Amino acid sequence: MAKKALTVDDSRTMREMVSFTLKGAGYEVVEAEDGKDALVKIAANKVDVVITDLNMPNMNGFELIRALRADSNYKFTPILMLTTEGDGSKKEEGKAAGATGWIVKPFNPEKLVEVVKKVCPC
Amino acid sequence: MTTNTDLERFKQSYINESLELLAEMEERLLDLDPETADNEQLNAIFRCAHSIKGGSGAFGLTYITNFTHVLEALLDAMREGKVLPTRDAVDILLKATDIVHQMVRAAQEGTTPATNLGKDILEKLQQYASHTPTTETAAYGLFDDTPVTGNADHTTYSIVFAPHLNLFATGNEPLLLLQELAKLGDATIVADTTKVPNLDALDPEQCYLSWNITLVTDKSVAAIKEVFEFVEDACDLSVTAQEKEIRVARAPTVDTQSTTETVVKKDAQNEAKTPASGTIRVDLEKVDKLVNMVGELVITEAMVRMQTRTLPQEQFSDLLRGVDALAHHMRELQEVVMSVRMQPVKSIFSRLPRIVRDISTQLGKDIRLVVSGESTEVDKTVIEQLGDPLTHMIRNSADHGIETPEKRLAAGKPAQGTIHLSAEHRGGRIVIEISDDGAGINREKVLKKALEKGLVAGDGSSLSPQEIDNLIFHAGFSTADVVSNISGRGVGMDVVRRNIEGMGGLVQVVNRPSQGSTFTVSLPLTLAILDGMIVRVGNENYIIPITSIIETLRPKQGEVRHVEGHKDVLNVRGEFIPVIYLYQLFGIQNAEAEPSRALIVLVESRKGKMGIVVDELVGQQQVVIKSLSANADPVEGISGATILGDGKVSLILEVNDLQGLVGREQKAA
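Listed in order, the protein sequences are those of chains A and B.
Under the numbering used here, the residue at position 91 of the first sequence is numbered 91, and the numbers go up by one with no gaps.
Under the numbering used here, the residue at position 328 of the second sequence is numbered 450, and the numbers go up by one with no gaps.
Hints listed in this document are in silico derivations from the structure and should not be mistaken for laboratory results.
Check the hints yourself; a few may be wrong.
Stated by the list, open to error - Dumping the calculated EDC-like pairs for lysine to aspartate or glutamate here, alpha-carbon to alpha-carbon at most 20 Å:
| no. | chain 1 | residue 1 | chain 2 | residue 2 |
| --- | --- | --- | --- | --- |
| 1 | A | K90 | B | E351 |
| 2 | B | K347 | A | E114 |
| 3 | A | K90 | B | E354 |
| 4 | A | K111 | B | E351 |
| 5 | B | K502 | B | E546 |
| 6 | B | K305 | A | E110 |
| 7 | A | K91 | B | D355 |
| 8 | A | K91 | B | E348 |
| 9 | A | K46 | B | E295 |
| 10 | A | K75 | B | E327 |
| 11 | B | K570 | B | D616 |
| 12 | B | K217 | B | E148 |
| 13 | A | K3 | B | E295 |
| 14 | A | K75 | B | D355 |
| 15 | A | K91 | B | E202 |
| 16 | A | K90 | B | D355 |
| 17 | A | K46 | A | D71 |
Computed from a predicted structure; not experimentally measured.
Okay, chain B solo, but in the shape it has when bound (with noise of 0.2 Å):
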């Protein structure tokens, strides 16, 4: 029902909904004035602690369950008027939030906090608390299963069920826990219906009727009671031991066949209800362990697989049938694996919120954020690196985006402005949009400063308006007429472009002038794991990424031309695109030099379209990226390596860089 990764899931949820209301704690505490301190103001802090103090326990963190429960204490003591709020017990409060801090922190990564943690803010947060708090009375309403008695004796009970009339007022069904007894063991229930009334006395709204029931069951009165726990207060309850029966599980002789077989299915159902520990916690380090062994697993599988191919199959049909079931499992475990790294965007889409709201009150605007697809699940490390290019991207929006409520009902617009953030699965990547209806990019105003700055070549009139709003991701790009502390913080959307492209991203923006503007990110759902065409030049390997490529083609001879001065270009259908060799780039030996009796791969760069000249393709394969950058500085041109199912290193292209590698390369010729 519940696996792991939904309650870590959910813990972290936990985690990041507690920081933010500790977060409000703070606040609200700093804003209390012992003079004026009011109920509204008490209660909201009371709700904080309350809610971090219920998901806790959930979770297993007793420590943060002990400790918000006495700070809780405290605060209700203050809400009932029995220990004033002053600025001495304020100070402690403060102080007894930073401890529940640091443990949601120890929470967050793993790890437990050092027992006497707190102590001290404990003992005095207890002396405050003038009355002694509570005890949590761990029975009370907890439908804990009964503990089961070592021996197998079974008693008969006879148990008198008479609820009272107004029963079904608290919308209790008698039917329900009839068949909730009949759970503990052998039930014989009659019912009685001598207070049944004529029909035309009877409210159908009353409960007339009344049990009898014996039952032969190895559980408790307590067990038995319990089952009435929410009615008790509204029936006549009577539970009595009748005579005491000894039957021992383990040894059927004693028994008939019939009571056997109710002894088995007891024992089964026990079986069932015991708690089958729904989570635990697992240390990051070792979810990465697991995933990186599982791409050594793949390259293994995949080398098994290529030594294999060569195997006469009538031969060895069960090895190969083998192979072929390891490479499905393979694939399998793959993904669950991959999963478990897995989390909802709404850890990043969470904090946004409030960035909104802060902007909206500092700028005096009216700005509404519409959230959808929080759920949306996207590995761990594309969410680490996703928060600040969001971040500022909605920062851009709020302050740029939308304009002051006068300007908005100028325009004819609502006063309100609206951001929409959405996130969604498409494709086997994660689309972002946010989306505004504020003013839209002033192109008018981008060219310009794009003039000042010496970005376009020319008077830009060259310029279509979309290339004119992809000016604004250019380096060294802001077009606030004062930089504000909002989203000036020498980070453009040149930074964000470049942080989403580092990720294998995109980023696209689509300008409405005066309708707002639609900001989309795209990217993929993982960074361990790349679907890539193997390409042969020479005796070299390469890997090209998929989703750059565009299409394959073999020229006819004479149809990639020279053009003097710059590159080699391709006539595809009307539109000269750009050739490459890799040979030459990397000076390998031995590789086709005339494109016809090659092929060329198109991709598209953030530069525009392009074509890169390889000997063959040898396959598509999903490739595990190992990072250079431990072993090496950043290549230009290479985002990774990988080994191949043969064991050979195979590097990964990076094509946004290779059309810049041959520009320099053929300026040094």
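Just chain A, with the same shape it has in the complex (with noise of 0.2 Å):
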């Protein structure tokens, strides 16, 4: 069965590339445009992986990794932020957060498979 990737952005475009990019890489994807909504569509939906953002509005993607790690299905699925950001503050509080990893964007589609495959290989 193929496994189940959740994209969290409240960006359309980064949403429809990791969603596009995923399936043609043999992904489920379920998208979410922040963290409330990701929560939503993850209690209907068991996902293997988790790709947020981590600036959006209603619940950022701090809220969300903390959120997640705090749900007993979620507790060891991994999860990797998406940041833009270059200073390690970001990097640290997602960690903290209990994030597995980051991607820093821009990014190209190959790269997203890269480490998407690197935490949850399909």
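Hey, can you piece these two chains together into the complex? The hints should help.
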């Protein structure tokens, strides 16, 4: 069965790109437009890996990661955060929240697949 | 995996989104009051810049990345309170959005903006952002392919990987890391299980294992450490180079057979890893040229096929097989080339929610727009020409269709009105539906208006409800009591219909009084190629679009009757259908005048069914449409021309115009 990925981003383009790329690599993809939306989407649908943006309205990436880690279903699920920030503080904050890894934007589709495969091979 | 077309599609989406974001940024910046600016507002503006920057890199738009990076830095400084959003600062930000706008537009046109574009603004932005903007460390967190070193030196490393107990808490999986590591070269991995406690003390959520790895690789220490990048704080890691072993890939004599294999395998892997550039940008002109060339090729192929058709099969079997294969490949090539021009309708759908929102606010209505099938693809030309009619129809639904909340509640409907917009492929065409749950078309009002304007003969009592609904497509018709600045911009549904029919499409309405109405637009997927029926009249060939043909029949003698003062009619299963003679219309000699010895092609036109008398059906063929407009004024009854297999030019009939042409001809006679 195909691994299911959740992409969380308030940018439609990013969501579509992540989604399209991962689908091409054989993942099933669920899309959510912010942290709140993500929690709604995963409630109905257990996913195997989460790729989340950090800067989002309603519920940001850090809050989402913390919420996921508090959920016994998602305690060990790989979570990748997308970041364009140049400083290490975001990275640290993400790690503290429980993120598995990070991908710096801008990235190309090959790189995305490579990193996602690294934490959740399909 | 990701093809050029896909990336081009996303780029289009990126450009559209960026333009939307820029508009939002501008709006928010204009709203920004230096006195009361709060973080929420600044955050929203920051997010816009951030998203534009985020996507730009993926499409190689580094000039946008670089510019927005500085813009973002200033916004970030404002967010953190280091810089105040003074009037001047906001002015600079607004100017900066203009620059980004120009850059995005340039990207849209596939050109590169002047290198000094926005240089002055950039400097001002940097001045304002008092602290030097953080420089993006390129390597930071990126999983760059390790630069392949020139020589093939292999080093043996011994690696100790001892995760902390809480490794699992971040969702990391040691097994995957070890697999990743093994990909770098020849790895021997030994697990150290000494720290695993007795079962009663074992916490399954903790990591007690550690590993000793011997790795032979040509990769650097950095590349090895990169594998553990996500867990570097959650483990003890040591990487030490042992001995240096020189293996030269191109001199396999040095190696044993097994290591040669390893080296070869590695090379293959490196090759696979060489980033094949995922996208190239192509000038639209070039694509059009390509499409044209393929069109010419299709014609040439048809010519070759025609010339070889009479050749004896047994003597020329190879040639004929080749011609068959050519036809097959042509068809495929044509499809691929056409698909290059295909775009999702999303680009036009995406501007509609804003329009609905604006109308809702303006008219005090509560309207929800539900969109589906945005990814349905259709030719770029169709997209370009569809935008205006679609916008108009949505405006129409929101303005005339959906009622005010009070009226809706009074009618027992939810206060919020809904407009459904959908697109899908159906039988080689794209079908777009706009459906609302509003009041529907008020037939009484429509009829009254039509009578007032003299659009209907008599008192209109002979009209069926459907005919009344269709009056809205009549030229110069507008039912709004007062011409509003929303849908009454001098563009009526008649223009919508004309635009859509101009593309070879159809628009229909289904009216459910007091429950809403549904408009259905059906369009060909491409405007460049048409499925046509070739018909012969005298020595001339004409093309009738297949989509308009209902059936073809040969009447018995006397079945076509002449009605005094009118056209000839044919009785088809009780229905009297007007018949037109192409030879009369176009003055063709040597054509069959007696219908019972000719054929009648029944077609569906805007004005109803019609029979076209032709001598013979020559065949069905995909034809490449050549516009006449470049060389001649529009000719009524003719939509274009094409070149047939025998090299002859043939005209494509516009069935909607034919009947009018006949009418005039007869009056003149």
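query = Honestly, which of those hints from before does the structure not fit?
reply = none
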